[in-house]
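Asks: Produce the entire structure from the sequences given, and follow the hints as far as they go.
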Amino acid sequence: MLKDVTFGQYYPAKSFVHRMDPRVKILLVIAYIVFVFLIKSFIGFLPLIVFFSFTVALSRVPVGSVFRSVKGILFLVIFAAVLNLFFYGGNDAKVLEIAGYPLKWWIFSVTEQGIINAAFMSLRLVLLVLGTCVLTLTTTPMDLTEGIESLLKPLKYIKFPVHELALIMSIALRFIPTLMEETDRIVNAQKSRGADFESGNIFRRIKAMVPILIPLLVSAFRRAEELGDAMDSRCYSGAKGRTKYKVLRMGYRDLLGAFAAALVLTAIILINIYFPHIV
Amino acid sequence: MNALEIKNLDFAYEGGKNVLSGINLTVSEGEFVCLLGRNGSGKSTLARLINGLLLPARGSVCVFGMDSAEKKNLFEIRKRAGMVFQNPDNQTVASIVEDDLAFGPENVGVERAEIGERISYALSAVGMEEFRYATPSKLSGGQKQRIAIAGVLALKPDMLILDESTAMLDPKGRAEVTSVVRELNKNGMTVISITHYMDEAVDSDRVIVLSEGKIVMQGVPAEIFSRAEELARYGLNVPKAAYIAKKLRENGLPIAEGIYEGEALEKALCELFQKG
Ligand SMILES: Nc1ncnc2c1ncn2[C@@H]1O[C@H](COP(=O)(O)OP(=O)(O)OP(=O)(O)O)[C@@H](O)[C@H]1O
Ligand SMILES: [Mg+2]
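Protein chains in written order, with the working numbering: chain A, 244 to 522; chain B, 311 to 586.
Calculated directly from the structure, the hints in this document are not laboratory data. Each residue gets a CB set at the ideal place from its N, CA and C atoms; glycine is no exception. A few of these clues could be false.
[What the hints assert, rightly or not] With a straight-line Cα cutoff of 25 Å, these simulated DSS-like cross-link-like pairs (lysine-lysine) come out:
id: 1; chain 1: B; residue 1: K389; chain 2: A; residue 2: K483
id: 2; chain 1: A; residue 1: K399; chain 2: A; residue 2: K257
id: 3; chain 1: A; residue 1: K487; chain 2: B; residue 2: K382
id: 4; chain 1: B; residue 1: K382; chain 2: A; residue 2: K257
id: 5; chain 1: A; residue 1: K489; chain 2: B; residue 2: K466
id: 6; chain 1: B; residue 1: K550; chain 2: B; residue 2: K389
id: 7; chain 1: B; residue 1: K382; chain 2: A; residue 2: K483
id: 8; chain 1: B; residue 1: K389; chain 2: A; residue 2: K489
id: 9; chain 1: A; residue 1: K487; chain 2: B; residue 2: K389
id: 10; chain 1: B; residue 1: K382; chain 2: B; residue 2: K317
id: 11; chain 1: B; residue 1: K550; chain 2: B; residue 2: K482
id: 12; chain 1: A; residue 1: K487; chain 2: B; residue 2: K466
id: 13; chain 1: A; residue 1: K483; chain 2: B; residue 2: K317
id: 14; chain 1: A; residue 1: K483; chain 2: B; residue 2: K381
id: 15; chain 1: B; residue 1: K317; chain 2: B; residue 2: K327
id: 16; chain 1: A; residue 1: K489; chain 2: B; residue 2: K448
id: 17; chain 1: B; residue 1: K496; chain 2: B; residue 2: K466
[Stated by the list, open to error] Just some of the chain A residues that point at chain B, by a computed CB distance under 10 Å:
id: 18; residue: M385
id: 19; residue: L416
id: 20; residue: R417
id: 21; residue: F418
id: 22; residue: T421
id: 23; residue: R465
id: 24; residue: L470
id: 25; residue: D475
id: 26; residue: S476
id: 27; residue: R485
id: 28; residue: K487
Replies: Structural data, given as structure tokens:
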């Protein structure tokens with residue numbers, strides 16, 4: 244049941260994208276996000292969409308899985324679109340008319356710019372989510388943690404606890420299935436005592452969660468204490484004097500990725516210069 | 311040099327009364343010692359003291375000649391006396407077996423290439439070579455506990471302390487773990503095993519019974535398990551085979567004293583039947 248839910252949405256495969264260095268992938272996603280915000284016109288999205296499509300094709304992740312991620316933010320996209328549609332201000336904005344009736348009511352009005360803006364914003368949001376989701380689909384949480392740790396390494400010089408942060412992340416990931424299993428067990432135990440989690444209004448249901456959350460919390464603290472002892476007896480004493488077994492290595496794939504990103508950036512800058520208008 | 315030397319040890323948790331008092335215990339290298347006692351008798355506390363997780367209030371604990379009272383020894387003590395706990399789920403730190411086994415050696419600063427070798431060694435010692443890239447949460451209880459043992463073995467210890475490491479396992483998992491520990495002991499590992507299963511204690515070199523923080527019985531299994539009444543006073547049973555042998559003896563069958571273990575009982579009974 245709950246146990247089978249894996250954290251994130253990793254899609255196991257051995258593709259070109261899967262094998263890239265997680266650090267490079269994280270940096271590429273950051274670059275991608277910056278690109279999305281650099282783009283000023285619809286035509287500017289073209290190189291980015293080509294880049295994205297290529298990546299998805301290379302990753303061998305089914306297109307359906309990639310697009311499923313948009314479902315989660317559909318509400319946000321619609322909300323942003325509606326806001327843009329109705330509230331696009333500006334005095335010069337021309338209110339649209341349908342069969343002689345102006346599309347205007349109280350403070351709401353539909354303008355041509357409003358429609359264009361709504362479409363532009365929606366596209367931006369969708370591309371943003373699609374891009375980041377390729378990262379989580381092709382990188383295990385463990386690798387992501389390693390990547391983040393390695394990228395944050397310079398922060399060590401200002402005494403930022405990089406190693407501790409990475410260890411906390413990887414322990415959290417490690418305990419997700421364990422705690423899921425435990426939640427399952429507690430839910431079943433409470434159900435067998437007649438607890439009802441499925442009926443009643445929202446407040447009732449939230450209240451019904453209390454007998455699950457409290458034992459879960461208590462057990463999590465007990466586990467934390469035991470884990471602390473186990474770590475101590477395995478000689479853990481912080482980052483000092485520690486070696487690292489796993490090393491991340493960059494390869495030709497990462498070089499190609501960076502090169503592709505540079506191409507996309509050039510294309511976007513050129514398009515921004517030659518097509519400065521949104522449509 | 312003795313693997314463990316405890317002298318006049320007293321210990322109390324903060325604000326409580328003595329949990330252990332007047333403990334004197336010596337364990338020689340390569341010995342297999344079983345620690346028995348009812349709940350709350352202080353077994354886990356003693357184990358933690360040996361591993362340096364707790365420090366004595368009075369007296370001393372020396373592991374391979376190193377006194378745990380000296381802070382600089384703690385690291386080395388934990389390296390040489392590894393501890394395996396009861397719940398296998400709360401001992402793994404990583405989502406991949408290999409990464410978890412690397413944790414100990416990484417902590418003590420072992421070189422990368424050697425960590426790889428140590429992982430292979432630890433996995434083969436617990437017979438789980440093919441699980442190097444597995445996810446611990448998907449393994450069976452016995453396998454998880456063997457991985458926990460491997461995690462300790464990766465530090466190349468000379469002593470293994472097991473605090474009820476089989477308590478949460480089914481009979482199959484328990485058998486897996488006990489046979490791994492036994493094999494390690496055969497190859498020279500000193501073992502201190504805390505257990506509630508008397509049948510696990512019958513093969514040990516020495517049995518120690520703890521009650522209310524004191525060592526109340528000590529000796530080879532044959533001797534300890536022949537003192538059933540005394541054991542019962544400390545909340546312990548004799549192993550099943552010893553119990554059956556005793557009942558048979560009481561009912562007039564000529565079964566020798568000192569039979570406390572399944573195989574010996576079987577042999578005695580067979581001999582009896584052959585005689586007619
Ligand atoms: N962290 C602690 N703080 C205070 N008292 C403790 C703590 N841990 C254990 N004790 C007390 O110390 C005594 C001995 O506990 P210990 O855990 O050593 O017993 P045990 O023999 O391992 O028992 P069990 O068979 O249940 O594991 C008990 O009375 C217990 O209540
Ligand atoms: Mg205990």
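Asks: Hint by hint, note whether the structure agrees.
Replies: Hints, one by one, checked against the model:
1. K389/B - K483/A: At roughly 16 Å apart (the allowed maximum being 25 Å), K483/A and K389/B satisfy the hint.
2. K399/A - K257/A: 33 Å, violated
3. K487/A - K382/B: 23 Å, holds
4. K382/B - K257/A: 47 Å, violated
5. K489/A - K466/B: 20 Å, holds
6. K550/B - K389/B: Distance of about 37 Å is beyond 25 Å: violated.
7. K382/B - K483/A: 15 Å, holds
8. K389/B - K489/A: Answer holds: K389/B to K489/A is near 22 Å, not above 25 Å.
9. K487/A - K389/B: Holds: K487/A and K389/B sit about 18 Å apart, inside 25 Å.
10. K382/B - K317/B: 20 Å, holds
11. K550/B - K482/B: With Cα atoms ~18 Å apart, K550/B and K482/B stay inside 25 Å; holds.
12. K487/A - K466/B: 18 Å, holds
13. K483/A - K317/B: Between K483/A and K317/B the Cα gap is close to 34 Å, so the pair fails against 25 Å, i.e. violated.
14. K483/A - K381/B: With Cα atoms ~17 Å apart, K483/A and K381/B stay inside 25 Å; holds.
15. K317/B - K327/B: 19 Å, holds
16. K489/A - K448/B: 22 Å, holds
17. K496/B - K466/B: Cα-Cα ~16 Å, so holds.
18. M385: 6 Å, holds
19. L416: L416/A check passes; min Cβ-Cβ to chain B is 6 Å, inside 10 Å.
20. R417: 5 Å, holds
21. F418: 8 Å, holds
22. T421: 5 Å, holds
23. R465: With Cβ-Cβ at 8 Å, under 10 Å, it holds.
24. L470: Result: holds, 5 Å to nearest chain B Cβ.
25. D475: This interface hint holds because 6 Å falls under the 10 Å limit.
26. S476: 4 Å, holds
27. R485: 5 Å, holds
28. K487: Because about 6 Å separates K487/A from the closest Cβ in chain B, which is inside the 10 Å limit, the hint holds.
When each numbered hint is compared with the structure, violations occur for hints 2, 4, 6, 13.
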